[in-house]
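Peer 1: Residue-level listing of the chains:
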Amino acid sequence: MTSTAFDPRIFYARARHGHGGALGIEYRDHGVDWAELALPYDPAQIGDVASGVIASGPVLTLMDQATSLAVWLKRGVFQPQATLDLRIDYLRAATPGKTVVGRGECYRLTRSIGFVRGLAHDGDPLDPLAHVAGTFMAIAP
Amino acid sequence: MTALPPYAELLGLTVEQGDGAPILLMPFGDRVLGRPGFLHGGAIGGLLEMAAIVALRHALADDGVAIKPMNLSIDYMRGGRELTTRAQGVVRRLGKRIANVETSAWQDDREAPIATSRHIFLLKR
Numbered sequence: 003m004t005s006t007a008f009d010p011r012i013f014y015a016r017a018r019h020g021h022g023g024a025l026g027i028e029y030r031d032h033g034v035d036w037a038e039l040a041l042p043y044d045p046a047q048i049g050d051v052a053s054g055v056i057a058s059g060p061v062l063t064l065m066d067q068a069t070s071l072a073v074w075l076k077r078g079v080f081q082p083q084a085t086l087d088l089r090i091d092y093l094r095a096a097t098p099g100k101t102v103v104g105r106g107e108c109y110r111l112t113r114s115i116g117f118v119r120g121l122a123h124d125g126d127p128l129d130p131l132a133h134v135a136g137t138f139m140a141i142a143p
Numbered sequence: 357m358t359a360l361p362p363y364a365e366l367l368g369l370t371v372e373q374g375d376g377a378p379i380l381l382m383p384f385g386d387r388v389l390g391r392p393g394f395l396h397g398g399a400i401g402g403l404l405e406m407a408a409i410v411a412l413r414h415a416l417a418d419d420g421v422a423i424k425p426m427n428l429s430i431d432y433m434r435g436g437r438e439l440t441t442r443a444q445g446v447v448r449r450l451g452k453r454i455a456n457v458e459t460s461a462w463q464d465d466r467e468a469p470i471a472t473s474r475h476i477f478l479l480k481r
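Going down the list, the protein sequences come from chains A and Z.
The first sequence: position 67 = 69 (this note's numbering), numbered continuously.
The second sequence: position 28 = 384 (this note's numbering), numbered continuously.
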């Protein structure tokens, strides 16, 4: 772990409420331009009752948060931002019962825009279940 | 129409009949909150995806067809405020194996959506 001015551990210790809190999203790890979060399996998030596979919405939220954190890490400070767009490819279904891990990276940062990408997996990073790309815009605090 | 899955309950979704596909309603509350005073982009995305699936089920009118979301792209246009959000999907093409669906989410003004999305689904008949 690398220490920067923005610490997602402190951020997550406070952020137990809201949509991320309702889904049980947890902090895992971070670096200078990336963050990793975990989404524990929860039957309340099932999207397909027959298979027990969770809906894609919680994976989307996980990746939105992981990539959002990556922008703050690269910027070095927390600054309110809005998601401009997010594209997600579902490479395969998440395995029922397994925690989904989402790693978001900010690969380019300008004064106003953070360009992000990320991968989600459920145990093996070489066998990802989702890929995302998106942009965030900084807004006046 | 197929009953909504547990995830739709988590979002607090209810169904309203509309012209075309059913409209989904998502009430504002802490469980869909992002930064203070605004909806979480992930909750908006979850709502849009549910609206897309509901629209596809409506168009298919056959519960025997399995639907697999392949990808989606969301444009967030306005911050979602502390209001009820509605979303409805339109099936742009229904093929044998692929379906293209577009959705829109709005609050007080349908002509000023807070977000729109495009989805591709894989169908197994």
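Hints listed in this document are in silico derivations from the structure and should not be mistaken for laboratory results.
Every value quoted in this text rests on a predicted model; they were computed, and no experiment measured them.
It is possible that part of the hints are untrue.
Pairs of lysine-lysine residues, derived as BS3-like cross-links and limited to a Cα-Cα distance of at most 27 Å, are as follows [unchecked claim]:
1) K452(Z) to K424(Z)
2) K480(Z) to K100(A)
3) K424(Z) to K480(Z)
4) K424(Z) to K100(A)
5) K452(Z) to K480(Z)
Peer 1: For every hint, state whether the structure bears it out.
Peer 2: Status of each hint after checking the structure:
1. K452(Z) to K424(Z): 13 Å, holds
2. K480(Z) to K100(A): 25 Å, holds
3. K424(Z) to K480(Z): Within the cut-off at roughly 8 Å; holds.
4. K424(Z) to K100(A): 19 Å, holds
5. K452(Z) to K480(Z): 8 Å, holds
Of the hints listed earlier, there is not a single one the structure fails to meet.
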